[in-house]
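Going down the list, the protein sequences come from chains A and B.
Take 1382 as the starting number for the first sequence in my numbering and just add one per residue.
Take 3 as the starting number for the second sequence in my numbering and just add one per residue.
Bear in mind the hints are in silico, worked out from the structure with no lab data behind them.
The reader is advised that the hints may include incorrect statements.
Each computed DSSO-like pair below joins lysine-lysine, with the alpha-carbon atoms no more than 30 Å apart [unchecked claim]:
#: 1; chain 1: B; residue 1: K63; chain 2: A; residue 2: K1541
#: 2; chain 1: B; residue 1: K63; chain 2: A; residue 2: K1543
#: 3; chain 1: A; residue 1: K1501; chain 2: B; residue 2: K109
Just so you know, these numbers come straight off a predicted model, no measurement behind them.
Chain by chain, the residues run as shown.
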Amino acid sequence: MKINDEGIVERGDWLSITPVRGVEKLALGKTMEQVPKIASRVCGICPIAHTLAATEAMEASIKCHIPKDAHLLRVILQAANRLHSIALHNILTLPDMYLPGTDTKINPFSKEEPVRSVAKRIIRLREIGQTIGAIAGGEAIHPSNPRVGGMYMNVSPRAKDKMYDLAKEGRTLAQEQSEFMIAVLRNFQRRDWAEVAGKQIPIPKNLGYHNQGYMATDAIYGSSSLDENPKWFPERYIETRPWDWYMGEVTIDFEDPTYPIGGTTKAGTKANPQMQACTGVPTYDGQPVEVGPRARLVTFKNYDEKGTVGQQIARQLEYPDTLYSIIKCLDELNPSGKVLADNIPQGDGSLGWAANEAPRGTDVHLARVKDGKLKWFEMLVPTTWNLPTCSRALTGAPWQLAEIIVRGYDPCVSCATHMIVVDEANKIVAQKLIQ
Amino acid sequence: MLYPKIVITGCGNPLFADDGFGPAVVEELNTFHLPDDVKCVDAGLGGPHFVFTLLNPEETKKLIIIDIADFGGEPGELRKIPVDDLPPGSYRDAHSWDLTEPLLRLKDDIEITVIGCQPGRISAPEFEIGLTEAVKNAIPKTIKLVLKEIGVDYGTAVIHQKEHRGRGAAETCSGPGEA
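With the rest of the complex left out, here is chain B (with noise of 0.2 Å):
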């Protein structure tokens, strides 16, 4: 299928520590069975140049944004976060493309839900590797409360875990056995 119904898409990058839990949930998101036409995009750096191509307002309804964001909680601690609340210019990647701009536009035809996970530790601009404790721990949360925003029953997906299909990024990042 070429355009999912939804998209799921988890930003940062694994090499600025916390900043890879979105694609850390997405790895583990993709050991899941999910419905065909739900679609988990490790975006890491890339969203906003990337992403808005691999959606269709025609056919995709929701996108789901995994990502680090200081709301000032405890670390670890998840909140969905209303893109109306995104402050101009609070997305941008290093060529400076803003995401909130693009996701005000899409909110209309798409329905956009942006979980933010408070990060304990982001490293950059040094690079190291590995989620802090508080935050790996908030992995399984994210994905019960992704999996009750589309719809899936958790404890069905679970039972049908399947082994990594292939290493993945953020958890090849942490090296086997450390993630």
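In isolation and in its complexed conformation, chain A is listed as follows (with noise of 0.2 Å):
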């Protein structure tokens, strides 16, 4: 961060410098049932959103249409998958947030009441997440249901009774968590100040704010190049270089020992974003663009709160929508309907593309699948498209209320770094130095 003589930053660059692992490199000639379960590895936060938007990128490139019901246990998982990640992004905002009339911050793990009910509500909420998600995607964490065609199996009625049991139960304690964490938010928006390292930091009215575009491809779920109307468009994104986009080698000259956990990098540390950058810069119609909860509102539900404030409402809205869809789709689903393809093509190398709308953003897959096998393969992940936008929300806000901005935007930064950069001809110029 370059900040002034008032420690308001001017401008941010926030970025990856976790090593580039060529994912994309290493699931080229495999088949394409391994290469969602190679996506799903590639992050122990993301394994679900990985999966699907992989196992539906080879399926838009071999062209093969999945069953009504195969649809709707994905949809589930996708809705369970996003309501825990809410969930537990929970417990990593309320430290930044303040008891409403006090001047106390929220430790999550507190045993004190209100703070223990929140927590033990947030816990449930997961639960009741990761437990749907395991009976409609097979395991809770990496779901070993979903599969090129459709799924490996239906739910048996007992099975989807528990779910809409335990969808029923979320429904209510998600509307409360909802209501809870926006009047804390809420809270924190009304404050002037926020205490960092024993100083009260002013919180500037436009915290976050950033004048990039939203790009979002569902409410929910997703879209893909299957799709009769597809929302999201391979020639409208470019990845250019990073060292196009951030600054070039410098001195950090300012350092703060008292900011938590161990103070600030030493004055006198040298720094090069442009080559420490692990990530390309993705742009979307020639900008970095922002995506996540409320690039998905602001699409779709005509949702228009700037900020990181209106970020994490805008959050805290999905709650409700995720059990809505979970019931939904729940009276929809036939248990004895076929969740397989009766047909699965094995390609003829044509690009296929899937975008999943994971908790954290579009996950954009792309593929090309010839006789069974990946020919090429590429993974637009959701903090991928953030970084860069992020980085322009940083101007303007205390630097020490930068990581309240970062955390808005939840970000999963190690499978956001594997990269392929290509020149304004679009042609790959480099595999980036660490390969």
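With the hints as a guide, bring the two chains together.
Take a look at the structure:
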């Protein structure tokens, strides 16, 4: 971050320095059944989004339409995943927030009321999300049920009832939790200052504002090139090099040893964002865009609140919809219906893409499958889209509050680091130093 | 059943060679007919922040964790590691969630067994699929050990071993016929 004499961020460059691991290269030549399983393993937080996006990218390339009941099971898995992910993020958000009417920050692990009941509700929502996900998806963490062509198996009528009961319980809890979080976030928004390292830091009214656009493909699920009206357009996307985007070599000349957890980076340390960035900068219509809860609400629900609080509130507004989607799908689900396509083509190498609306944003996978084997693969993961956008959102904030802005994006950085860089003519110019 | 009495979790990443040991064992275990109150979870990389919502100390009595562990043995060697012997911070994922502390908190309510296998090769941060021979050979031994832990007779379980229900992650990562 470049800050001025008042400590206000003039420029923020937020990037990932986790080494590139080349999952796209590793997947080449593997069978189309294997690729989603490999994709599921690039991250411990988002295996469900990656499994669904990769499976559907394969299906999009081979042009395989899956039966309705298989799709319903996938939507249930998707919504259940989003439910427990929002609940997990609540635990990460609460320590920045204050108990309304007090100057006491919330410790979600406290045994005192009212926090204790909130924590219990969060855990119950996570249990509900994970259990429904485990029933529909086969396993709670790395789902084993989705496969190219549909799902391995449908659920039993008893399992369907179980999911229904859980969803009904979750619906009420999610509504309560959503309202609680919104009240806490609005309280934060009304405050003049937040305490960081013993100092009162003024909270600007435009905390986290940016003027980049939004990208979302659906309010709940996603889109793919098989759709009648696809909602994502590969030709509008281009990946640019980090060295065209980030700062060059700089020497850090400001430090604050009192900043929580060991202080800020020591003065005198050199940093070189251009060269250290391990992700490319994806642009849509020539600009970085925001993906995630607010992008979905802006695109599909006429939501319009900017800034970090607006983004966090959008996330809470998604709570009830996860359960309503599950209930709606369960109403339609026929446990005796078939869940595997009769005919699974082996592919002729055409480009197929699938965009999954993961909790933290649009996860686009692109693939070419020929004779059942992967010929080409690319993953455009949510946080890669958000890194440059969030960098812009840091401008104008006191540097001590930068973390709060970053947390609003619910970043997941480890899978954001793999890249293929193209120049203006769309030719691959580098596969980055670390490979 | 929402909360099983016994939870068996395999931790690790099949994309880092022998780190895929835990998921591979769970994959294989899931082909056995196990009692209804036993649940095998492929925890992958998500152990710390996912598994704990799947346990309930009131109903869950036993947790078995299967993972690789460097205890200076021969590759493929197995060892039961008492929870108290886990050094602080020894279990962390990419997001720095420490598993040791929650395990220490849980150990009075749930009986915890950690089965560690000495890895031959971990490729991280580079991706590499497939277990080394020695570690692959440790899978049946581990399964016997786990079945003994949960009081299931190995012979009976093997007779009723079923076809793979769906291709789980560990197996499919290695590709058909390679596992």
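Hints, verified against the model:
1. B:K63 - A:K1541: Roughly 27 Å between the alpha carbons, so the hint for K63 of chain B and K1541 of chain A holds.
2. B:K63 - A:K1543: Cα-Cα ~23 Å, so holds.
3. A:K1501 - B:K109: Measuring from Cα to Cα gives roughly 20 Å; hence the hint holds.
When the structure is compared with the earlier hints, no violation turns up for any of them.
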